[in-house]
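Engineer: Let's have the full structure, built from the sequences with the hints guiding it.
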Amino acid sequence: MSVEPEVPIVQVEEVRENPVLYKIISSDNHVFTISEHAVKLSKTLWDLITNLGLTAENALDNPIPVENVNGKNMETIVQFCERHKYDEEEPEYTNYIREFVLPEWDRQLLSIDNEELFQLILATNYLDIQKLMDYCCRVIGDMAKDKTPEELRIIYGIPTDAEDDALERSASDSPGPSG
Amino acid sequence: MIPLKLLGLPILAIAEILKPMDPIELLNLSQTSRKVSRLIFLANTHRWEVSFDKYIIIHTKSYSYKIIITQTAKWMSVMMTKNGNSEAKGWRTLYWKSRDWISLILHIIRVFKCPITKIRTGYSMNFQDFHRVMEFIMVRQSEIKLLELTPLELEEKVLERIFKKIRITDTLIVLHKLSPKFCYQNNPKHIYIKHSSWFGIRNLLDSTCASMELSWSSLTNRHLNMFLKKWMAGKYPNLHYLKISGEKLNLKGKILGMELPIEEIEDPWVVEDTIGGTVRICDGGVKIQRPDGVRAYIHMDKSEAFPFHVKLTFFVWK
Chain A
1 MSVEPEVPIV
11 QVEEVRENPV
21 LYKIISSDNH
31 VFTISEHAVK
41 LSKTLWDLIT
51 NLGLTAENAL
61 DNPIPVENVN
71 GKNMETIVQF
81 CERHKYDEEE
91 PEYTNYIREF
101 VLPEWDRQLL
111 SIDNEELFQL
121 ILATNYLDIQ
131 KLMDYCCRVI
141 GDMAKDKTPE
151 ELRIIYGIPT
161 DAEDDALERS
171 ASDSPGPSG
Chain B
1 MIPLKLLGLP
11 ILAIAEILKP
21 MDPIELLNLS
31 QTSRKVSRLI
41 FLANTHRWEV
51 SFDKYIIIHT
61 KSYSYKIIIT
71 QTAKWMSVMM
81 TKNGNSEAKG
91 WRTLYWKSRD
101 WISLILHIIR
111 VFKCPITKIR
121 TGYSMNFQDF
131 HRVMEFIMVR
141 QSEIKLLELT
151 PLELEEKVLE
161 RIFKKIRITD
171 TLIVLHKLSP
181 KFCYQNNPKH
191 IYIKHSSWFG
201 IRNLLDSTCA
211 SMELSWSSLT
221 NRHLNMFLKK
231 WMAGKYPNLH
241 YLKISGEKLN
251 LKGKILGMEL
261 PIEEIEDPWV
271 VEDTIGGTVR
281 ICDGGVKIQR
291 PDGVRAYIHM
301 DKSEAFPFHV
311 KLTFFVWK
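From first to last, the protein sequence lines stand for chains A and B. Numbered by full-length UniProt numbering, the letters in the first sequence go through residues 1 to 179 in order. Numbered by full-length UniProt numbering, the letters in the second sequence go through residues 1 to 318 in order.
Please keep in mind that the hints were generated in silico from the structure rather than gathered at the bench. Heads up, a few of these hints could be off.
[Claimed, not checked] Sample of chain A residues at the chain B side, in silico, Cβ under 8 Å:
| no. | residue |
| --- | --- |
| 1 | 114 |
| 2 | 118 |
| 3 | 121 |
| 4 | 125 |
| 5 | 134 |
| 6 | 137 |
| 7 | 147 |
| 8 | 154 |
| 9 | 155 |
| 10 | 158 |
| 11 | 164 |
We put the CB at the ideal spot given by N, CA and C, even for glycine.
Structural biologist: Next up, the structure:
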């Protein structure tokens, strides 16, 4: 026979207020809606919102154009920010060597080809989203595991010293602006 | 597969990519090009330390990477251990085309911009290697924590210059036999000199060490008396342990007014402490006390190791 506990167990439901939403337009004119908590992960966007004086009342009527980020990357970024909007602030890493484990959901999100990943990092850098930057960089850093220098050169598209020297020579040989 | 053009990324992103990499991945990456090797320090590698002790060891905050030197293969195995634990936590492979492993040490210091903190020359490093490493680090750093010199075909003038330019902050171990003319200028916390006949009374009186062990010493009873009287008068506040043995010491006369040999027979005590990472013991010492209340144990008798040698052990109670 089960015994009723003296203290009742209360099922705590997460209380979510009606979110304030903002509209973002990517460089190729795709429109995205993002919640206030999520957009705060981007320092650039949040500074913009604050400076433009956008409020709950006028936010949806004033879409924010982001010229440096295309729709594909913006979709990934919005997904990421919505997923992580309630995350607790993380302590600053003091010992960087793989101190955190990349969550599986994020690893899946970032399983994209190298060109897309490259563009996503540029977008993340522009929008100043530290957590996404950490995660993208982690994915790129993980490519170096157990690789020879030659393999690393191919993976990261690194020119050889001879190629760098040739490039430098051709740059110095080419006539300057005065002809 | 399209490469991910690392060097096309903003410098902040490159730094974030490098930071989670371990030292071995960074060293492999540093060999892809000169341009890349100049960026490796962005991973905050200056916080790491390198030491040489049969292996090249890179110490990070939590882990150490022990590079096992091989002179035949184009790669080296690296054992990763958690600091404070000798058990292997993992293995890495470092690719290094050159057979010149000294150039690997120099490469590590150059790309990581970190100090080399300990060198034990051992049997893997000859004097030319040692000289090459020291010349390289002398322009980069002014001190080193530990230096251990095993017998080497060394030039004393070069060594004197090294001692002048690089301060040894923690421990100096000299197993090499230096000539009596050797001029020593340094003041580490702990010294062990196996053939210490060159370490004269001036060196002893000028020392500020916490522990000193001098074997095959040329010091005499008169020298010991001079030094210990100064200690009694309050000098050498750092001194914790002193052990001197040599054939010029004898059991005739007195030390600090005490008849020789000095040994507590009635109620012998064993005092011990870990000093500079080594357990130091004084067994059967006679307790003495300075006017300011500082106590010490002194023992002086025949050396067990060499029949014609006499050994003094002096242990300050801290």
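Engineer: Output the indices of the hints that this structure fails to meet, ascending.
Structural biologist: Violated: none.
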